[in-house]
Every structure is written in C-alpha cells, then in structure tokens.
Amino acid sequence: MIDVRTLDKTFYRGTPSARHALNDVSLRLDEGDFAVVIGGNGAGKSTLLNAIAGEVMPDAGSVWIDETDVTRRPPHRRAGLISRVFQDPLAGSAGGMTIEENLALALARGRRRTLGLALTDTRRRSFRDAVAVFNLGLEERMDQKVELLSGGQRQSLALAMALVTAPRVLLLDEHCAALDPRTAATVMEATVDAVERDGLTTLMVTHNMQHAIDHGNRLVMMMDGKIIFEAAGAEKRSLTVEALIERFHLVDDKMLLV
Amino acid sequence: MGEIIGSFLNLVPITLLQGAIYGFVALGVMLPFRMLSFPDLTAEGSFPLGGAVAAASIAAGLDPISATLLALAAGCVAGCATALIHLGLRLNTLLCGIIVLTMLFSVNIRIMGKPNTALFAFDDMFDVLLGGSSSDLTLQIALILGLALVAAGLLLWFLKTETGLALRAVGANQMMARAQGISIWRQTILGLGLAGGLCATGGAIMAQNQSFADVNMGFGVLLNGLAAVIVGETLIGRSTLWRQLLAPIVGAIAYYQVISFALALGLEPSDLKFLTGAFVLLMLALPGLTGRREVLRIRE
Ligand SMILES: Nc1ncnc2c1ncn2[C@@H]1O[C@H](COP(=O)(O)OP(=O)(O)OP(=O)(O)O)[C@@H](O)[C@H]1O
Ligand SMILES: [Mg+2]
Chain A
14 MIDVRTLDKT
24 FYRGTPSARH
34 ALNDVSLRLD
44 EGDFAVVIGG
54 NGAGKSTLLN
64 AIAGEVMPDA
74 GSVWIDETDV
84 TRRPPHRRAG
94 LISRVFQDPL
104 AGSAGGMTIE
114 ENLALALARG
124 RRRTLGLALT
134 DTRRRSFRDA
144 VAVFNLGLEE
154 RMDQKVELLS
164 GGQRQSLALA
174 MALVTAPRVL
184 LLDEHCAALD
194 PRTAATVMEA
204 TVDAVERDGL
214 TTLMVTHNMQ
224 HAIDHGNRLV
234 MMMDGKIIFE
244 AAGAEKRSLT
254 VEALIERFHL
264 VDDKMLLV
Chain B
9 MGEIIGSFLN
19 LVPITLLQGA
29 IYGFVALGVM
39 LPFRMLSFPD
49 LTAEGSFPLG
59 GAVAAASIAA
69 GLDPISATLL
79 ALAAGCVAGC
89 ATALIHLGLR
99 LNTLLCGIIV
109 LTMLFSVNIR
119 IMGKPNTALF
129 AFDDMFDVLL
139 GGSSSDLTLQ
149 IALILGLALV
159 AAGLLLWFLK
169 TETGLALRAV
179 GANQMMARAQ
189 GISIWRQTIL
199 GLGLAGGLCA
209 TGGAIMAQNQ
219 SFADVNMGFG
229 VLLNGLAAVI
239 VGETLIGRST
249 LWRQLLAPIV
259 GAIAYYQVIS
269 FALALGLEPS
279 DLKFLTGAFV
289 LLMLALPGLT
299 GRREVLRIRE
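Chains as they are written, first to last, in the numbering used here: chain A, 14 to 271; chain B, 9 to 308.
No lab work stands behind these hints, which were simulated from the structure alone.
All figures in this text were calculated on a predicted structure; none of them were measured in a lab.
Do not rely on the hints blindly, as some may be mistaken.
As the list claims (entries may be wrong) - Only some residues are given here: those of chain A computed to face chain B with a beta carbon under 7 angstroms:
{"no.": "1", "residue": "R86"}
{"no.": "2", "residue": "H89"}
{"no.": "3", "residue": "R97"}
{"no.": "4", "residue": "A107"}
{"no.": "5", "residue": "A117"}
{"no.": "6", "residue": "A121"}
{"no.": "7", "residue": "A131"}
Said to hold, decoys possible - Incomplete in silico selection of chain A near chain B, CB under 7 angstroms:
{"no.": "8", "residue": "R122"}
{"no.": "9", "residue": "T127"}
{"no.": "10", "residue": "A191"}
Note that CB positions come from ideal geometry on N, CA and C, so glycine has one too.
Using the sequences provided together with the hints, build the complete structure.
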C-alpha cells in the first residue's frame, strides 16, 4: 500500500547547521492500516509525512504508493492519492474562499479541473452533509468566507476536504494540536469515524500519548530521524501510556510527550 | 469656481470613455494582485503592446476586430512570459515584470517599425461596430463600458469554474493548492496570461480611440490601474467575487473623473503621475496607520 524504503534526508547538508531529519527510515503500511506516529520535537515526523506527500525530496530512498514509485512526482501530481490535514488550521483551506468553494477545490483533487461551474446544486447538498457531521453549524454557513471561521471550525473543514474524495492515503500531522480540548476531541472523533468507516490507510502524527494509545492498529515512534520502536496488533493494543513512558524514559529527555 | 465646474463638466463624457477603457487595464491589474497574490508590473508593457499590435495590423490592412483580438493574444503571451520567468528562474515577481516591460519597449517599436503609428486614415473598431454614428461619444461610452462589463462577467464566470477556483487557491495558499493537486505553474501562467490579455485589449481600444499608438503610451498605466482598483474597492468593497470584479471598472471610471477634476482645477497633466503615486501611497499607508489589514499581500 504505502511503502517507504530507506528514506534519507539531510537539510542544509554540508553546513554547520546540517540536520539529519530522516536517517534510513523504512515503513510499510498495508491497506487499511492506521499508524500513529509519535516522537519528540525535531524527531523527523513531519519530514516523513512531507516526503510521502512530495513536499520534501529525499536524498536517498523511495516512496511507493499502490506498488508505484512516486518518489520523483511533485506534490500536486500525487495529490490524487494523498489527502493531508496540517497542524495549522489556516494551512488547510483558502481563507478568501467560501466553505463550499473550498470543498469544491478538494473534490477535484487528483483529476483534471474543468471549465464547468465548480458548484452545482447536487454538489452543494453533498458538501452540506459532509460538514454537518461536525455539529458546528458549518452547514448553515456554506457561502461564507473561511477566514471568518474559528480554528476548530476551520480544521473540521480541512478534515472534510481531506475526506471528500476517498484518498488512498490520509496524512494527519498533529491536526488536533492547535485546538482547544473539546474541539480536539470532536475532530479526533470525526477522524477516527471516517478512517474506520472507509478503512483509510492513515498516518497520524500526534503528541498526545492518550490518542496514540487509543487509536490506530500500529504505533511508530521516531527519534533523531530514525524509527526506534514499532508495535502492531495485540502488542499495540496492550500498550499503556505508563508503559511507554517507562520504557523510553520519555519524561527525562527530549522525548517529552504529553 | 463656476468656471472650474464648467470645464470639469465639459470633460465628463470624454473622461467616462477613458475610464471605461482603463477599466480593462484595472481588471488586468487586479487579477494578478488579488487572485494570485502576484504583484505584476507587466501591464506597463502589455498596454502599449496592445496598442502597437492593433495599430500596426490595422495600418497593414487587417480588420479592426481581428486586430484587437490579435492585440489580446499578444498581451497573453507577454503575461505568460512574466509568469514563466518567475516560475522558471524563481525571480522576484516585480523584477520579472520589469524585465518583460523593458524588453517590450523594443518589441513594440519593432512591431510598428517606428515609435508611433497614426490611424486617422483607417477604419477602427468604433467605425466597424457603430457604423455611421461612430463619433457619437455616448454610443462610444456605452460600447466600451458594455465590453468592459462583459469582460468582467466572463471573468466572474471563469473564477467560479473548477479551473478558476484552482487559480484563486494558488493566490490564497500555495502549499494547500499543491496538496489539492493544483499545479502552481499552470495557474500562474493562466492568470498572468489573462491579465496580459486584458491590459493589451485596453491598449488596443485606446489606440483606436485616439487614432494613435505610441511606445510611451504605457507610462504610468500600472499605477493608474492600481489606483483605480483601490478606489473601486473603497467604493464597493470586495466582500464577494462580483464586487471584486466590478471594483476595477467602477474604480477606473471614478478615478479618471477625479483626474479630470484635478485638471479642471488647473493642474498640469504632468503633475498627475506624482498625485497618483501620492494617492496610492496614502491608500496603502492608511490601513497600517489605522491598524487594519494590509491592502496588498505579496507573494514570497
Ligand atoms: N524545510 C526544512 N528546512 C530545514 N530544516 C528542516 C525543514 N523541515 C524540518 N527541518 C529540520 O528537520 C528536523 C526534523 O524536523 P521535523 O519537522 O520533521 O520534526 P517533527 O518530528 O515533526 O517535530 P515536531 O514535533 O516539533 O513537529 C528538525 O531538526 C528540523 O529543524
Ligand atoms: Mg512536526
């Protein structure tokens, strides 16, 4: 499904500020796998997701999706396979465009955009349904500009945009981290619902240990650009926050996770 | 005072016509700035390019409508050139515009074979479209204003298509646009091409209206266009897409009335560039001084 093979990336290579962000990282997810990625600041989690999405070009190694090597494809040419939600709620949608226009943008992801009107009545109705699940009243504000929305509303929209086409891969980079606890819970619940309902192959970065324990069937821990621990299936289910903290001394070094 | 008002009122019809013609330019200036967040100076070169192409081809015997369309196409090419330089060499957008507009100066003289071309001896688009009443100022105003509104209407429709949405997304947030599968290259080229076409159309109409094209006719046209956009947005806002598209036309008309009033007050035409610059500076500074959002966003 997704196959990340021996990825290597050094930023500012050959300068004193060189950063080995990915060090020989390999990871294989099967169809329907939901992997949670944890690790301290600068561990390389975002770089890994960026390399899968094409925003970061690796120095070595390759990225395969559905048995196809996409390593050299620019981001917009693999967007048909990949949906992303970023940590920053402002990053996932166009502020000057309306809620329904943003969803229409996402609907055409991965196919040729036409000269037909982006918003038809049928589409409008399905977009309303797509945002109604969040219970945030977004469905009543479909023709309002997104810049008027709160962070939580905007992040919910970003998630709805990511799900509006059934993506082959869903990449979530701390997408609940900038939200207040209640909204974070709503968005996380909607995420898990969608991932389970559609059996989406998902890679989710989080700093929230409880989320990492509660969700997903795989756990990936990164440190200094390497994957240092992986758990799946029964082993993943038996993990507890306490056990992880104890095992990796998470509190006393830079792996501090909350 | 009565004298000033009198000479201002005398100028109103001709100024209305000028404003409507510059409406095309203002639309072409608005599009890159507002929709692509791409500060583009190419207008300064594509406007006289449109005039040169239209004048040279009319003088060579082409019918005025085809000549105007040819000018439009030439403007598109100029816009695309700026886009390609920016995308390919990753140069600052303003520098790309300066390079292209400077090079166009030579191109325009090549096209005409000399620095200017007179069209008094030829039929122009007004003769073709208005027939015997081609010198009726009211009809001329109605024709050009009508065409400018049609251009704005077409642009409104385009910006609501799937492709148009993609173009606006590039101006809003490039990383997000890429994540939605949008090619930054394609949309930037498309947007600047359209903008160049609009500016060149303005130049082609202007040349035919004054029966004269000159390489220097573009001087200051970008700032005038920008001023028109700002005036229009102040008058009717830009809260919705149709307001954003109507604003340049309304603004161009209002702006040229103000210019005409300044002339009626006894200012020299040569003073106007300074005044326009001062006006744009003031409008750009005001939001900062009053703590509102910035008027122009600049691409990285
Ligand atoms: N675009 C970039 N340019 C230069 N250095 C980068 C870039 N992106 C990441 N880095 C560096 O690579 C390393 C890994 O960063 P990355 O963002 O992947 O960490 P992370 O695990 O996502 O951390 P966090 O939990 O803080 O988000 C860091 O040292 C970072 O400074
Ligand atoms: Mg990160």
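Checked hints:
1. Of the supplied interface hints, the one on R86(A) is violated, with its beta-carbon coming no nearer than about 11 angstroms to a beta-carbon of chain B, more than 7 angstroms.
2. About 5 angstroms separates the beta-carbon of H89(A) from the nearest beta-carbon of chain B, less than 7 angstroms, and the hint is met.
3. About 5 angstroms separates the beta-carbon of R97(A) from the nearest beta-carbon of chain B, less than 7 angstroms, and the hint is met.
4. For A107(A), the interface hint holds, since its Cβ comes within 7 angstroms of a Cβ in chain B; the closest pair sits about 3 angstroms apart.
5. Because the smallest distance between the Cβ of A117(A) and any Cβ of chain B comes to about 6 angstroms, under 7 angstroms, the interface hint for this residue holds.
6. The restraint placing A121(A) at the interface with chain B holds, with a minimum CB-CB distance near 5 angstroms, inside the 7 angstroms limit.
7. For the restraint placing A131(A) at the interface with chain B, the shortest Cβ-Cβ distance is roughly 5 angstroms, inside the 7 angstroms limit, so the hint holds.
8. Because the closest C-beta pair between R122(A) and chain B is about 4 angstroms apart, less than 7 angstroms, the hint holds.
9. Checking T127(A) against chain B by beta carbon gives a least distance of about 5 angstroms; that is within 7 angstroms, so the hint holds.
10. With a least beta-carbon distance of about 16 angstroms to chain B, the hint placing A191(A) at the interface is violated under the 7 angstroms criterion.
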